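Engineer: Residues per chain are reported as follows:
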Amino acid sequence: MAQILEVKDLSLHYLTRFGQKIHAVTDVSFTMKQGEILGVAGESGCGKSTLVNGLMGLFIPPLYPTSGDVLVNGESLMNRSPKDIRENVLSQKVSMIPQGAFNALNPTRKIKDIAADVIAAHSGNKNINKQQVYARLRERFDLFGMETEHILNSYPIQLTAGERQRSVIGISTLLNPKVVIADEPTSALDVTTQKIVIKMIFDLLEKNIFSTMIFITHELPLLRHVAHNIGIMYAGEFVEYGTTIQVVHDPRHPYTRALMGAMLSADSEQKNRKPTTIEGAPPSLAKKIEGCRFAERCPSARPECRQKTQNLRTVGERLVRCDYAE
Amino acid sequence: MLKKYPTVRYVLLRSIWYFLTFLVALALNFFLPRLGSDPVEIMMAQGSYSSPEIRKQTEENLRKEFGLVVVDKEGNIVRDENGNAVKASKASQLVNYISQVFRGNLGTSFENQKPVAEIIMEALPWTIALQLPTILFGWIFGNVLGALAAYRRGVFDKVIFPLALLMSSIPFFVFGMVLVYFFGVVWDFFPAIGGYASGITPDFSWEFLKSAGYHYILPFLSIFLILAGGQAIGMRSMGIYELGTDYIKYAKWLGLKETRVLTYLFRNAMLPQLTGLALSIGQMVGGALITEMIFSYPGLGLTMLKAVQTNNYPVIQGVTLLITTCVLLANFTVDILIALLDPRVKASLTMDTK
Amino acid sequence: MLKLLKNLIKEPMFVIGIFLFLTTVLAGLLGPSFYIAQPRSEFGYEAPLAPRGIEVDLSKNTLIHWVVHRGDTLYAKETIKRDSLGNMLNSTTPATYWIGTDNLGQDYMALLLRGLQNSLYVGFLAGIIATTIGTLVGLFAGFKGGIIDDILNMFTNLFIVIPSFVVLVLVSTSFPQGRSLTLIAILIGFTTWPWTARSVRAQAASLRGRDHISLARINGASNLQIIFKHILPYLASYVFMVFIMQVASGILSESAISMIGLGPLGEGATSLGVILNTAKNQSAITDGLWWGIFPAAIVITVIVFALYLLNNSMEGVFNPRLRK
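Chains as they are written, first to last, in my numbering: chain R, 66 to 391; chain A, 181 to 534; chain Z, 29 to 352.
Chain R on its own, in the form it takes in the complex:
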């Protein structure tokens, strides 16, 4: 089956005012097939948000691509003008469900008008009939099992948090994008609403409204129920990449293990172990780092870890960036 999304050795950097390069993302590679959900987890500041911009082809200074490629349906997003990206990629090929959808909707615009703006922005110069657009919106929002008329004709403030989140998902997937990137889509919701939203995402995937989803979160346990594959990010790199079962239930990289240890979960074994914390902070990305990036904080670090650059290698059928993982 053809790859929907191919990310090849993607590296991104920021250029500061003083000409300093900050390498926020380094050599990230993965591919996604139709119907796949990839979870990306890591601490805040690990490069998740930068990766998101790279995956959308949005290079707004001071963010620049260093090397590598992003292909959606075989079409590269690199070296394209912002206008081209805006008109032909955003919403149509790659779409975004932002963090904290609570504030993502323009407070002075009705949901149907925000949605209509999306259609208008990607219909070229064609004149669009407002009534037709509204009819199209109604049809789409009917799929979500909500009070369509109420939602479409409301201002964001008149909706509940769950309704707003679902409206955002509806708007982001309006043009049937190939890749949907969801940044903590459920973090601000209560448990019941979280479930509804997750169910909605699966529904849309099943109905082929979008093809693949990248689910970004810092809550590893949540990914267990959602993602097929998981990539763990640390200091701009993937340190472990494998199936959900492999990564969550049998983590091999010391960082993934530490991350799992730092999580509280409702598992029965939770009672028997204390949550641990990861001491220290991720390294500065302003200069090239020699050796393993996690070495400073790694509980099982060896002296040679600080010199030797670690590469991804296959350990237990998944990729791990640690020479000593077993």
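These are calculated hints, taken from the structure and not from any lab test. All figures in this text were calculated on a predicted structure; none of them were measured in a lab. Mixed in with the good hints there might be a few duds.
[Unchecked claim] Selected chain R positions facing chain A (Cβ under 10 Å, derived; list incomplete):
1. Arg151
2. Glu152
3. Ala186
4. Ser365
5. Ala366
6. Glu369
7. Cys370
[Unchecked claim] Below, computed lysine to aspartate or glutamate pairings styled on DMTMM-like, alpha-carbon distance capped at 20 Å:
8. A/Lys429 x R/Glu249
9. A/Lys236 x A/Asp260
10. A/Lys526 x R/Glu249
[To be verified] Listed below are several chain Z residues computed to face chain A (Cβ distance under 7 Å; list not exhaustive):
11. Tyr63
12. Ile190
13. Val194
14. Gly289
15. Leu293
16. Gly294
Glycine included, each C-beta is placed from N, C-alpha and C at the ideal position.
Given chain R's structure and the hints, the job is docking chains A and Z onto it.
Structural biologist: Showing chains A and Z alone in chain R's frame:
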């Protein structure tokens, strides 16, 4: 009450609030000039009187005019056993003043015995014709400029921002003086003072309108540019704030057209600016009135200036009352406008119906 | 705190603002004591550095003073006085004036420095009064919430919609004889506090729900303790910025009220507004006597501009979102 019509209810509540404010303003208008000294004494000190009787007569008439003494049904002054006029209590003075105001009676000018209402009505059209369009257009122009500066940043912002900051720190009247000096006196492009050329009678003739238009330019510019500068500064900060909000980021992620993102930005940043307008309209009007004085523009500013110079209390009070009324009306309008334009305010109206 | 100062010094707006501000404040503080005023000229509106001289017309036994005044050369004659030995008595030494003289022939430079001092005095006093009242009202309203907030808020809004300019005019007219600088400053302070109250209230209300406030309350801190120990320190930088704006508005209000002829009265109570008002009443502008208005106008603008620059640069540093 009126639960089904939150907007109507809101308008009604706001009108009541503004009416009460108006009453407070009336009370201030009545009592404040009496705070430090007795206006009647001051006015009496200005004239000369041929005999003590005439002096007493004049003073009593003044006190009657001001509603300071008790008057019977025929309008005669009520006297005590010694023949002195009976002083009215503060409360009855105020009630009397308010009832007179609501009957449209603002007293008579001491200078020429003309009714104050008449004097004000002659000046009011000039002030409204100058200030309403100036404040309105200055506000719109300044906000558009500020939004563009926020959105574009870069060179545009680097030029516009310090310029606007400088403009907004020049007092209205100082800028008016500068304009008069250069454009009216040194280069003589425009008439320096007045509302129209002397020798023309105000009517709707072409000649008058042309002259009035010509005299309009400098006062208009001196208020407009300063006001626009101040608004641009405010809008720029608001705009930069809104640019960092989630909904603008999301709109960009969705690939909305740039013009559409800009309208999102403008619409949302404009609402607090509108509130700001409601709050500062009094200050703007005050500044603009002084500009009128600089240009000897035949509006309320000049009327007030002349009245102050001659201690003409009834005229001063009449003008201040009218200014307050206009400012309250403008405020009320903006309040209602905000409620209509901002869905958040609208939604809070429906929620507040307890 | 030190870090904030370091950040501020990097802002060109702040540097320019503080330079202009210190220059004007120093000139206002020290100028009137150090500048020796030239003796009064017998000519009103003598031009800046006006060429002037004395000619002796021995045929008519007169002394002729001449000076460029209102753009024209003006002559004044007097009979030559001689002492007992027959020497000419030259009564006055002709003076030149840096920025000319006012309508009464007084040295404008001296007036301007005095006016600057007085305007700064009014601005700062009014600013202190307005900021103190406004901050207290705003803190209590914002912190207490509920009915006290409603009442204080209504009161504040009332005085915001009733133009303070009108209130100033009305009160000033009732003091036709004695309007000292202090009285004017107090009047301004008492009419402009609602602005401070409004903005401080919003800030205080946003702090009310913070954890450390709740914690202090649980620990039995009294309302006053909470307000002064836990809320005010958080708002200090904000209140300071509001104070700067209040000083600017005090200076502007003073000049505005003076322009209507309701400014400070009396010997030595010359403010920048009074200078401008006198010049306007003497039709200095329309007669082209630029030195009657421009020095005072420029000084007002420079102070206000400096204060705005300070406020804006601080806003930029305290609220990083505004920075590039």
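Engineer: Hint by hint, note whether the structure agrees.
Structural biologist: Evaluation of the provided hints:
1. Arg151: holds, 4 Å
2. Glu152: Constraint on R/Glu152 satisfied, holds at 7 Å.
3. Ala186: This hint holds: R/Ala186 lies near chain A, its Cβ roughly 5 Å from the closest one there, short of 10 Å.
4. Ser365: violated, 40 Å
5. Ala366: violated, 38 Å
6. Glu369: Hint on R/Glu369: violated, closest Cβ of chain A at ~43 Å, above 10 Å.
7. Cys370: violated, 38 Å
8. A/Lys429 x R/Glu249: The given pair, whose Cα atoms are some 15 Å apart, holds under the 20 Å limit.
9. A/Lys236 x A/Asp260: Roughly 16 Å separates the two Cα atoms, so the pair holds.
10. A/Lys526 x R/Glu249: Violated, at about 31 Å.
11. Tyr63: violated, 23 Å
12. Ile190: holds, 5 Å
13. Val194: At about 5 Å, which falls below the 7 Å cut-off, the nearest Cβ of chain A leaves the hint on Z/Val194 intact, so it holds.
14. Gly289: holds, 5 Å
15. Leu293: At about 12 Å, which exceeds the 7 Å cut-off, the nearest Cβ of chain A leaves the hint on Z/Leu293 violated.
16. Gly294: Z/Gly294 check fails; min Cβ-Cβ to chain A is 15 Å, beyond 7 Å.
The structure does not agree with the numbered hints 4, 5, 6, 7, 10, 11, 15 and 16 stated previously, though it agrees with the rest.
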